Every structure is written in C-alpha cells, then in structure tokens.
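**Q** Protein sequences, first through last, are from chains A and B. Residue numbers for the first sequence follow the numbering used here, beginning at 1 and rising by one. Residue numbers for the second sequence follow the numbering used here, beginning at 1 and rising by one.
Derived from the structure by calculation, the hints contain no laboratory data. Misleading hints may appear alongside valid ones.
[Said to hold, decoys possible] Once the Cα atoms are required to be at most 20 Å apart in a straight line, the calculated SDA-like pairs of lysine to any residue come out as:
1. A:K180 to B:E64
2. A:K180 to B:I98
3. A:K2 to A:K324
Computed from a predicted model, the values in this text were never measured in an experiment.
Each chain is listed here by its residues.
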Amino acid sequence: MKINPVLNTLNVLWDTDLLFSVTDKYDGACLFTSTDDQSYGKNIVGINPVLNFTDIDVLESFLRENRSASDTPLVLGHIAYDFKDRLEDQGLYKNVHERIFPEFQFTLYEYYMIADNSDRTKIDLIRMDIPRKYDRIDPGSIFKVDPVRISGGKSVYKGSSLTKEQYQNSVSKIRDYILKGDIYQANLTRKITAETDLTPVELAVRLKNSNSIGFGVFAKSEGKYVISTSPERFLKTDNGILTSSPIKGTVERSDDEQKDIENLDTLLNSQKELAELAMIVDLIRNDMNKVCTGVEVKEFPAVMKLRNVYHLYSDVTGMLVTNKFSDIIAALFPGGSITGCPKIRACQIIEELEGIGRGLYTGNYGYVSFNGNMDFNIMIRTLFCDKGNISFNAGGGITLLSDPENEYKETIHKAKNIYDALNMEEIWEERYCLTEK
Amino acid sequence: MKILLLDNYDSFTYNLKSQLERYSSGSEIIVRRNRDESVLDLIFDCLVISPGPMTWRETGVLRELFKNRIVPEKIPVLGICLGMQFIAGYYGIEVDRIVNPVHGTAVEIRHTGSGLFKKIPDTFKAARYNSLGLINIGQGETEKNSLVFTSFEADSGTVMSLEHKTLPFAGFQFHTESFLTGIGDRIIGNFMEYYFEN
Chain A
1 MKINPVLNTL NVLWDTDLLF SVTDKYDGAC LFTSTDDQSY GKNIVGINPV
51 LNFTDIDVLE SFLRENRSAS DTPLVLGHIA YDFKDRLEDQ GLYKNVHERI
101 FPEFQFTLYE YYMIADNSDR TKIDLIRMDI PRKYDRIDPG SIFKVDPVRI
151 SGGKSVYKGS SLTKEQYQNS VSKIRDYILK GDIYQANLTR KITAETDLTP
201 VELAVRLKNS NSIGFGVFAK SEGKYVISTS PERFLKTDNG ILTSSPIKGT
251 VERSDDEQKD IENLDTLLNS QKELAELAMI VDLIRNDMNK VCTGVEVKEF
301 PAVMKLRNVY HLYSDVTGML VTNKFSDIIA ALFPGGSITG CPKIRACQII
351 EELEGIGRGL YTGNYGYVSF NGNMDFNIMI RTLFCDKGNI SFNAGGGITL
401 LSDPENEYKE TIHKAKNIYD ALNMEEIWEE RYCLTEK
Chain B
1 MKILLLDNYD SFTYNLKSQL ERYSSGSEII VRRNRDESVL DLIFDCLVIS
51 PGPMTWRETG VLRELFKNRI VPEKIPVLGI CLGMQFIAGY YGIEVDRIVN
101 PVHGTAVEIR HTGSGLFKKI PDTFKAARYN SLGLINIGQG ETEKNSLVFT
151 SFEADSGTVM SLEHKTLPFA GFQFHTESFL TGIGDRIIGN FMEYYFEN
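Okay, chain A solo, but in the shape it has when bound (with noise of 0.2 Å):
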C-alpha cells in the first residue's frame, strides 16, 4: 500500500496530558519526552491504528514502497526482548516468552501529531490518505476529549518473580559464572506484578511527572498500556548516520548544590560504573561494526543530568553501509545495556536466572519515517497495564564488585519512582520479601 502523508499546522493549546487522553480514546501510542533539550526530539503521537506489521520482513517490504523524503512518522512500534531468539541461531537460545503483547509490532496510524515542546500553541497534524475501507476518523474531534480525571485510586502489591533470596542467589551465581570466565557483567532483573483502580492514564501522567524523560512512552493496543519513563536511547538513524548512547552508572541528586556536585563526582570518579560503561561501549561499537564505518565514541564518559538522577552515557555514531531497518536490528538488538557481555552468553544466563521472558521490557519504542530515520528508546523504567493488571521490571547490572544484598536492595530503590506512582508503600515489598520463605 502506497501511502502519502498531507500536513496541516493547528493552533493548539496542549500539553503532554492531553497527548495521552488522545491517544487513549484512539488507540494511539505517543512517543513524549519532557525536556526541551533538542536532542531527544518532539513528542510524536499516532492514533487510529489502520495496519500491523508483526514480520519485519512485510515492515521492510512496506517501508522499502513508501519511501520518501519526507521525514514524517510512517510506522510507531516495538519490539519486544524475547524478539531476540528469531535473530540468533537456533538452539542458542531457550524461547522463554512472555506474551502480554506481540513479540514484534508496528503500526501504520491513520493520523501523526508532532508536538514541540518549546511551543505549546501549536501541533503538525499529519494525516495518512489511506484507502476508503479503513475507519477513519474526523480531523475535527481529534481534540474533543475529557480532561484526565485524577482518583486518588490507589495499588497492591502482588508479588516479584524472584524472591529477594532468589535475586541474591541469582546475583552470586552470576559472579561466579564472571570468575569462570562466562561473562563480564550480566543485567538481572526481576518482574514485580500488582493490581490498580488507577486508570492508565492517570498512571502516565503520574509517572510522567516524576522526573524529566527523554524516551517516554504511553500506547495503548487492544486495551493493554505501555507507559515508559525511559532516559536511554537504544539507536536513531539520521541520513545514513547511527546513534546508540548506553547509559551505565546513576546517582542521586541533591537538594543542597555542594552535595549535588559531590554526588557527580563520585559518579565520575567510580572504577565499576566507568568499567560498566567501558564494556558496553566496547560492546556497542562491536554491533555498529557490523553495519557501519568510521565507528566512534564521541564523549567518555559524558553526564545526562535529569530531575533526579545523573546517568554516565556515551554517544557511539558510525556511518552506515546499509539502509535496511532490518540489517540494523539484526546487528544491534538486544541492547548491549541491558543484556551484558558477552551478548550471546550473557542472555542465556538471564534466561536461566530469570527464568521467565521479560517481554517488551529492555526491548524497544520508536519510529521508522518515510526517510528510513528512525529513533528507539530502550524500554526501562517502564510499566504495562492490562485491566488493572500491571508489572513491571526492575534490575541491574551485576559486576564482579557486586554485592548481593545492595543489588537487592537497588532493585527497590529503582523502582521507587513506579511504587510511588502506583501509590504502593515500598515497604510492603521488604515486608513480603523478608516473610516469604
């Protein structure tokens, strides 16, 4: 299907909740971010989804027909962790799948809105001519929703795939299969599930207001929710050149400005978080290798200050020899940052201690435009919803210099921003894992 993309300028006066109360009432997916810092890009929202793609064979043939100059969204979606075992040679990988939603998903919607954050009175409205066989929707509704309605609803706590001895565990073994010379560093995580009345609406903008976010994400598909708070972007194409930028190493701000600094430069100084970044550095230059020349580290370390934490990062570029979304994936996917190295063995590790698939999560939001650019987060901090179901996943990188009990207990302290958005006392967690046998 051939597509061509027709632009009108709005004058309206929105912020992100009203991006998300649109893209609630037309199955949507909005990509949000709330700095005003250029590099992350505008937010992006498509709604009234008209076609699927879940082979990134069909993606590639559709994106391969309707390219184009214009660097308007042509597809929204994801792609989930467990995508990885159809990448890699069969039998290295188990096929431990979680399926809340599809492995591999993108979206052609019937309308784009791009939004500026440094200009809150108007939005690009971008509508799609497709066929007259799919329902379409009035330009002149697009607008007309309710404001989003805040309940005070509150969640409980239902349980964690691994309890905090088994993350212990799971934390020493992975040291001993580092000292036997499997790994270097490997990402465990567990998967937290609770019940909400919040509406996932409500959730989003909570979450939404709880720090600055480069990579966010609120979609909605057949009545299931994804909302990210992502700071990391796994890769974005810009006329042939890529981008991937790891983040390894977080600390806390501070209130008072010299501690602040102090905090900063205990980051920097740290030999375990810049030898975490080294390898997976080391790690994604190897991947960028594959498809591109010229391969870069632009900054190490360079500092990613949000609300609340500093991040260490690096900015990896290189010039690539292929334009085809699916050679890129191929080389990249699954993130260096959230699988460790090696890759290969590391995720079967994962696999073994976690024993369960992790499914969108550490998998990828973004957008693939008419011009073959396209921009990915990597799906961290991020939370689904299925009718008052929600979980989430919350981990780290486990080194050699790990502790087993401070890994544990980093776990809860990542996920405080979602406890507190779920309006979860934390301490509910501790209580049940300590009690639980």
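Please arrange chain B on chain A, whose structure you already have, making use of the hints.
**A** Same frame as chain A, now just chain B:
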C-alpha cells in the same frame, strides 16, 4: 589475502574485524563461528581467534583446525584474550582463574622489546577483560614449552602476550580492539608487517 576471523560467540569480534580491515587493505576477512565445521576445509592465509566467553577448551572446532591445518601449514595466527589462552593451552601451559580479574579497565603493561611492539613505549596501557589467565609461570620466567612471553602486567606480573618460538603464532591477553587501548591499532599493524611483509 584471506583472513579467517574465528568468532567465539563474542561481542568484540567485529571491533577486531574493523581493526583488521584498516591494517590489511585489500584482504578478505571471513567471519565464522567456532562451531562452524566448514572452516576445516576453508582456504585462508591467516587465522585470527576472537576473544570470547568460557575456556580455551570450549572453542568448538578450533582445536581440530589448529592441529590439522594451522600447525602443519604454518598459517600465521593472532589470538586475542581467549585466542591467546587457546595458544597457551594448546602448548601445555595452564590456564585458570587468576588472582586479579579485571573487566573493562585499562591496566599498565610492560613489554620486552619483541618486534610486535615496534614503536610502542616500553610501558603502555591496554584494556583487560579477563578472569582467566596463564598461571604457574614463575617470576621472571620469559619462556615455557614452545612459547616466549613478550609482555607482563606491571602490577601483577601476569603474562599479557606471547609468541611461538618457531611458528608464526602470537597472542595478546589485552584487547587490541578496545577503545581503551590506544596502541591497539599499532599492534595489529605490527602483526601484519611482521608476519606478512618480511
């Protein structure tokens, strides 16, 4: 020239490939995984053994390739990390857990003046990613079995590189292909010059 780059299911193999491309212009570099039996019949002029997980004994068909092709045909070999440990293990040197595992940090290394370190300062920094290494090598011991040790970690004295006494085999424990190893490109250039241009 044809280079076989044997990939031990590693995540740094393509960094090594990119480095080899820069220092062997016009060469064809074939990447194959270590379980791929087709390498046993492949015609090539140089073998590069990638780093990788696990031990030198768990490297698929590499041992068979080494025994049946590499040694009889005297094909030049460059081994990085696990690749070096394979060469050491093959010649009877013990490879096991070392006292100071390091992953993702550049350490100080001293070389003994081998041609492979041409134009490289006596002391340099290079990235280590290893928990295993050569063990039971005595203090000051610079050769064992058929191998000569050509560099050592400054702090621990651990072997950081080796060469075969008579055959064209060289191995490096540190990672030439890491962005943390400033002299990495020079090593690859030296290897190509040493074994293919003399």
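**Q** When the hints from earlier in the document are held up against this structure, which numbers fail?
**A** Checked against the structure, the only hint that fails is number 1, while the rest are satisfied.
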